Amino acid sequence: MRYLPKSTAERRDMLAAIGARSIESLFASIPEKFRLKEPLRLPAAMSEQEIIDYFRARAAENSGGYTSFLGAGVYNHLRSVVTDSLIQRGEFLTSYTPYQAEISQGTLQAIFEFQTLMCELTGMEVANASMWDGSTATTEAVLMAERLTGRHRVVVARSLHPEYRQVLDTYTRNLGVHIHEIGFTSSGQADIARLEAAIDKETAAVVVQSPNFFGVLEQIPHLAELAHAKGALLVVAITEGVSLGAVRPPAEADIVAMETQSFGLAPSYGGPYAGVIATRDKFVRQMPGRLAGETVDSNGRRGYVLTLATREQHIRREKATSNICTNQALCALAVTIHLCLLGKEGLKELAAQNLAKARFALDLLESIPGVRRAFSGPFFNEFAVQFPRSVKLVNRDLLREKIIGPLPLGSSYADLTKRALFCVTETTSRAEIERMAAAVREILSKPV
Amino acid sequence: MTDRIKKAGRHVSQNEGLIFEQSAPGKRGVEFPPLDVPAIDARTALGTAYARESVAGFPEVSEIEVMRHFTRLSTWNYAIDLGMYPLGSCTMKYNPRVNEFVARLEGIATEHPYQPQELSQGCLKILKLLLDCLAEITGMDTGTLEPAAGAQGELTGLLLIRAYLEDTQGGPRKKVLIPDSAHGTNPATAVIAGYEVENVPSDEHGQIDIARLKEIVTGDVAAMMVTNPSTLGVFEQNIAEAAEVLHAHGALLYMDGANMNALAGVARPGDFGVDVMHLNLHKTFSTPHGGGGPGAGPVMVKKILEPYLPVPVLDEKDGHLALDHHKRKSIGRVRAFGGNFGVLVRALAYTLAYGPGIRQATEDAVLNANYIRKKLEDVYDMPFNSPSMHEVVFSDARQKKNGVSTMDIAKRLIDYGFHPYTTAFPLIVPGAMMIEPTESESRQECDLFVEAMRAIAEEAATTPDLVKTAPHNTRVSRLDEVAAARKPVLRWKPKAHSS
Numbered sequence: 000m001r002y003l004p005k006s007t008a009e010r011r012d013m014l015a016a017i018g019a020r021s022i023e024s025l026f027a028s029i030p031e032k033f034r035l036k037e038p039l040r041l042p043a044a045m046s047e048q049e050i051i052d053y054f055r056a057r058a059a060e061n062s063g064g065y066t067s068f069l070g071a072g073v074y075n076h077l078r079s080v081v082t083d084s085l086i087q088r089g090e091f092l093t094s095y096t097p098y099q100a101e102i103s104q105g106t107l108q109a110i111f112e113f114q115t116l117m118c119e120l121t122g123m124e125v126a127n128a129s130m131w132d133g134s135t136a137t138t139e140a141v142l143m144a145e146r147l148t149g150r151h152r153v154v155v156a157r158s159l160h161p162e163y164r165q166v167l168d169t170y171t172r173n174l175g176v177h178i179h180e181i182g183f184t185s186s187g188q189a190d191i192a193r194l195e196a197a198i199d200k201e202t203a204a205v206v207v208q209s210p211n212f213f214g215v216l217e218q219i220p221h222l223a224e225l226a227h228a229k230g231a232l233l234v235v236a237i238t239e240g241v242s243l244g245a246v247r248p249p250a251e252a253d254i255v256a257m258e259t260q261s262f263g264l265a266p267s268y269g270g271p272y273a274g275v276i277a278t279r280d281k282f283v284r285q286m287p288g289r290l291a292g293e294t295v296d297s298n299g300r301r302g303y304v305l306t307l308a309t310r311e312q313h314i315r316r317e318k319a320t321s322n323i324c325t326n327q328a329l330c331a332l333a334v335t336i337h338l339c340l341l342g343k344e345g346l347k348e349l350a351a352q353n354l355a356k357a358r359f360a361l362d363l364l365e366s367i368p369g370v371r372r373a374f375s376g377p378f379f380n381e382f383a384v385q386f387p388r389s390v391k392l393v394n395r396d397l398l399r400e401k402i403i404g405p406l407p408l409g410s411s412y413a414d415l416t417k418r419a420l421f422c423v424t425e426t427t428s429r430a431e432i433e434r435m436a437a438a439v440r441e442i443l444s445k446p447v
Numbered sequence: 000m001t002d003r004i005k006k007a008g009r010h011v012s013q014n015e016g017l018i019f020e021q022s023a024p025g026k027r028g029v030e031f032p033p034l035d036v037p038a039i040d041a042r043t044a045l046g047t048a049y050a051r052e053s054v055a056g057f058p059e060v061s062e063i064e065v066m067r068h069f070t071r072l073s074t075w076n077y078a079i080d081l082g083m084y085p086l087g088s089c090t091m092k093y094n095p096r097v098n099e100f101v102a103r104l105e106g107i108a109t110e111h112p113y114q115p116q117e118l119s120q121g122c123l124k125i126l127k128l129l130l131d132c133l134a135e136i137t138g139m140d141t142g143t144l145e146p147a148a149g150a151q152g153e154l155t156g157l158l159l160i161r162a163y164l165e166d167t168q169g170g171p172r173k174k175v176l177i178p179d180s181a182h183g184t185n186p187a188t189a190v191i192a193g194y195e196v197e198n199v200p201s202d203e204h205g206q207i208d209i210a211r212l213k214e215i216v217t218g219d220v221a222a223m224m225v226t227n228p229s230t231l232g233v234f235e236q237n238i239a240e241a242a243e244v245l246h247a248h249g250a251l252l253y254m255d256g257a258n259m260n261a262l263a264g265v266a267r268p269g270d271f272g273v274d275v276m277h278l279n280l281h282k283t284f285s286t287p288h289g290g291g292g293p294g295a296g297p298v299m300v301k302k303i304l305e306p307y308l309p310v311p312v313l314d315e316k317d318g319h320l321a322l323d324h325h326k327r328k329s330i331g332r333v334r335a336f337g338g339n340f341g342v343l344v345r346a347l348a349y350t351l352a353y354g355p356g357i358r359q360a361t362e363d364a365v366l367n368a369n370y371i372r373k374k375l376e377d378v379y380d381m382p383f384n385s386p387s388m389h390e391v392v393f394s395d396a397r398q399k400k401n402g403v404s405t406m407d408i409a410k411r412l413i414d415y416g417f418h419p420y421t422t423a424f425p426l427i428v429p430g431a432m433m434i435e436p437t438e439s440e441s442r443q444e445c446d447l448f449v450e451a452m453r454a455i456a457e458e459a460a461t462t463p464d465l466v467k468t469a470p471h472n473t474r475v476s477r478l479d480e481v482a483a484a485r486k487p488v489l490r491w492k493p494k495a496h497s498s
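Chains R and B supply the protein sequences, listed in that same order. For what it's worth, numbering that gives the first Met the number 0 labels the leading residue of the first sequence as 0, then goes sequentially. For what it's worth, numbering that gives the first Met the number 0 labels the leading residue of the second sequence as 0, then goes sequentially.
Honestly, the hints are just simulated from the structure, not real lab data. Here the structure is a predicted model, which means the values were calculated and not measured. None of the hints are false.
Simulated DEER-style distance windows between Cβ atoms:
id	chain 1	residue 1	chain 2	residue 2	range
1	B	P32	R	S375	24 to 34 Å
2	B	D35	R	V447	25 to 35 Å
3	R	D199	B	E165	27 to 37 Å
4	R	A413	B	K173	32 to 42 Å
5	B	D40	R	G63	32 to 42 Å
The beta-carbon is built from N, C-alpha and C at its ideal position, and this holds for glycine as well.
Isolated chain B, as found in the complex (with noise of 0.2 Å):
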């Protein structure tokens, strides 16, 4: 079978163990220039109850050691500058680099949130920018860029509302309802927001069921949280019916943006009765995820929620831009120092590099994901047969039969040279295979992912046990995680201190 792998081949990779194993006393990595004042020792300037003498775990390396360490560490990773990586619900598209180089710029990398507004007026303008960009592409009236990631925006929308219906209508309400598709920060999001979680079924297409929506929705109901295209990658059909409820009870509707790399250029929430959401710039609007971070989860919202935002809010005076830290009815701050301002620069290079022409990024991941589930509809099972948008969700209910689960299937994908796919999720699909190209695939590329993934399911009938044993061909073979656990490890220790 390893015949028909052809994205991967096997090579060298170097062996490396933990930077303190490579430790000697004596070596470093950097010199500085030399003190021009006089030298103070520690004990002298802050007294010996105060003082420090050394870190001592710290590792002692040179420039050469520490190139090497993280750089062969480096080669143990995916990344999508080596090919697709298909997790749904995650947008891994193209980082442009030159949305890199120019948050690196003297002047953008290197300015203190503190220093006069009149001497960054350049940082304002940026932030201005991308905030009218965002405001057009989601149809709604402004917004705040404060938020470090999603799930912080998902909080700061959830405020917004909590403090609109506190000041209009004397209260904060219960319940937020969520539906059983979503995204698990929404409900961990509600909590800390101080509501009540309602989980709401979905109907048997996947969709919101607007008749159980008007049972449910009472005066109790603060908003509800939806995810549009929903977690399935299918378009919410009853969107603007479910805010008409919400809004006829004086609920609010929040939009999770996580999926606006199916939306942008063809539809705008702002259109269709949400009054708040947050986008996920790391996802849609390219800024590296890093191996995990670091976001920025911007939220828009429509004129009623205004008064709210998160201070500081960025206002025009005089034909300057300037930062209003006291707004009265304002939720507070969120985050120190204003947000993510690096990775706000790079979503606006993005933004800058398409224009208008982001539909056609649209056009392209909507494309991709119709090619795939085309490609591989006949060998495995689709839940629910709604018109897939930017992901499409198969399950492994076919394979299953024979043992094999959507996570062996996932680590077979592994050896043949692709990432994995995202695994068990949505909640409602049972051994869900959650599968988004984005537009950043050539048909090639497609191709490729729809063989490998054919001949998986060929392996998964015919040798079930290679696919349920896999990966093969990676450094380390499946993790226990169990036992990492059941007695964590979580710190290096010199061999002295351990055990």
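Isolated chain R (complex conformation) (with noise of 0.2 Å):
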């Protein structure tokens, strides 16, 4: 086998070091009867250009040739060869967490590095080194915002992720945490009255996404002040980290919880991603997850280490702060470098153009007759329409022309049938806009 270094005279010289047998004895601790005497039925062994030829026979099973116009979490950006060259370095791609700081400091000095540019990117104090996704990442936060007050009610608003909010639950269920749900308005933002109203004594956070589901941006200072006033925290989420190259950071808020896949790492049906806690620099103790911080050798050198562990469950085992152990490190390298290219200059302009190219779609959505805008407030790159007919009808005549259309809001929100939520970003091009436009007046012109 191709994976494994050693001869057959090797394994045989090897055993007959250690003094055994046969390499069953080396087994014998195993109780007979639980030892396999049979192969495992599982495909046999494949040579790399069989394993090729398998995964390219699956990818031809899936999307191929169609123009997509979905987000909702999961963004199409452009990503760069230069990141994904990077990455493949086996010095950084088959490297383990870096304990080890005397020969790990490539990879600390690059988390330190990722630390400092979610700070500049939410307008937080400080970040850690990664979370799983945004779901998690938000989930902790709320647990975060939790031991931080001692309270142990949370406000959510319905327009965070439905995915989230899900995950939220999972977690929360069994710990005695209390979720109140809070609707939104006309305009798509959180519904401040019904916010004001729900937030108390025993509230420990408040918790919104900006830009929310519906693409719509938040009043993030205002949901801030409502939630101090209360003595509650503010948690925003963030799904489109792209945003902030436009959109003010939620400077204000106590915890951000971001999913930075948008930062040029691939869809990949779902994941891995990474996402990512910010706070406050007093709240530090209270983060989950690793940090690298900056310190000095032995001969007054600059280097860093992975520090103020006594959060973690490597040293607090059930006191922890959360389980979290393997995090999502090679995706926050991979958000590190395309940053770094990006650069200040590179963001605003990649901001720019979703604006741009969102706008020009909703446009020419909205010339057609029966479909209107369905929510009022500022937007990114998503935003939501309403169809006259069944979303699902539409996409699936879409589907025909080889467009993957929007979302259907309906499947997560009774109230929202016959919604759709479209994304388009730098990656869509006009005539792809122009011809998805083209053929949802074609599909609506026609009776169903």
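If you follow the hints, you should be able to join the two separate chains into one complex; please do so.
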């Protein structure tokens, strides 16, 4: 087998050196009745070429050749060859968590740079080395707010991604956390009046997403004021990081939980991505996840180490801030490299292109009889429209034109049938937008 | 002594500051196709209350500077691609490059989790085949591929147990039993799942104490979490009896599959009484550790737990695969978008490369560990003498007499060209030195490691200060971790703002 670096003779010699009669004898500690007598029923071993052929065949059964207008937490953005070739360097790809700082300075300095970039993006003072994704980061942010306030009620906007809310529910159900959901207004923003009424002296956190699930920006400074007035913390989730190139960061928030997939990570049918938690310096000791910190070596040279580990499970066990161990380091590295390539100007231009393309698409769609914008609030690169008929029917016809249409909001919001969430990024060409709009016009011009 | 260092030489390594320190206004590392629709200003599009001018602290650097910056940083890392990585319990094995290639294919990396399922049959077939392979390897009935890492797999497993107990026995019960040799994630997870943790002492052989277990398993106990082979690298002889004791009281057996590299193709947890377990695909199934992730932590279960699996659940309908997002008894969702698909692709590529021959990898892993044990047991103390499987645990008891600790020996290994073994874990062994070579090491590499460890044992006796001040050949010497924690500097700040 090509991955195994031993000849039969070497195996025999090593067994002899051990003083073992056979390889089976090394497994004698497993009770005999549990030792397998037959080979596992697995597909026969494949060569490298056969493995490639298998996955190429599977890839051909997916969405090749289709233009997509899906976003909803996972975005198609330009990725760079530079990022992908750098993260495939063996020294990054095949290294372990940097516990041994002297031979992990590359990873540690890159994490330190990631933390800095995340602070600059979000307007927070400190950021961790990554969480599994945006949904678990949001959940961990809520648990962190609970620890910081000692309170157990959480007010959550329904405009937070439905899957993020489901993950939050799964995690908190057994921990005595009470979740109170708040609706939205015709602007698509969280209903501030109801939200204000729902926050009380037992509220640990108010949780919103911005841009929210409908693509609409929330009124962060106002929400922060309302939360802080009752001693609660404001948690802001961000699924579309690129928005921060054009949108004011949620600097008034107490904890920001962000998904960074937009920064150079492939959609990859759901992952791997990288979440991150950013917060204020004063809350750092209740923050979950790894942290890289600057220090000096015994000769006074600058270097980096994993620090504040007394928050973590390998030291604190059942008293840890979280059970997270393995995170998304290589994804966070890709994000770091991607953001360095973009730089100040690149991020700004990227965000501006998204703003322009989304508006161009919305204008074309709104010119179609019976189609109108569903919400009036400010938006970045996603927007919801209302169709005169079921989104699923429209999408079925769009598929015939090799277009993957917008996300039907009715599947997650019973009160939003016939509403569709479009995402348009810099990767969607004007021609594709025009073709999609023409197809929608054509579809809606015919009777159901 | 330095003439005994055979694996590593010294070579020039480049200095490199932080990327922010190279920034100059106007530089950039990426350019876009020109905008093909009318441009709009952020202030106009969003209103001044929502618009942002730019991200102040972002670096401005060119492509070549980014390339050199991260290439230079990379050369400061140790990696499996450079040599043996004997971290016990971490299973740092070779990461086949074909896995990277297929995960990046057009049609694999490009797929959106919300695209129509009829346009996702390729992705779903990959998930189905991987799940079937993992069920066969573990002897379990089915499972979920959703958890993002081992710790999330643990949580998923405990939530399944909780849901099962609530559904069939009227309540979740109170306690989870965890041996004192367990990974730190186990107790941390049990608390998040809403359970109290009861630590269970190991017996004098480092094994589960069945007599003691019989005393403490009551109607309050929901489950016991067992790592098998244990963190001592030893098969739990009494695992089936432990399962019986638990089952007799209506409790379930959870197995932490972190050490599955000792069992694949040789024995199956499903056969020795395990009800639910997680796998770390970034350990046993070779997906790259990437400096700390991403991983994937599939959870495999017996039939009784199937109704509670997290959504979405993979189903077969009319010859097509489909994801079902609505299962009445499901514990819900543990992560958005279904899981770390790209990691699952790599794990399947690994499994397909071996097929049933995965047993050979397991045999070689156990052979390497026992070989190293045999070659070192006369110079390092072995606190537990039980037969080793894929890893061997020594202690620094002998070297400690000269003031040399497991950490010192580990740091000295760096000078010899190796990554350290796992230090100070498991907690039940004072001064633990936990060595897991994996199957990826040749006899030559094992011999070099043995020579290095023997040389260090000698140094610890003759020149202990040389060991206590190691490493000597690295870019940086031992770093001041106390200062880092006392006054944390967790981000770069421009000079003007730093005090």
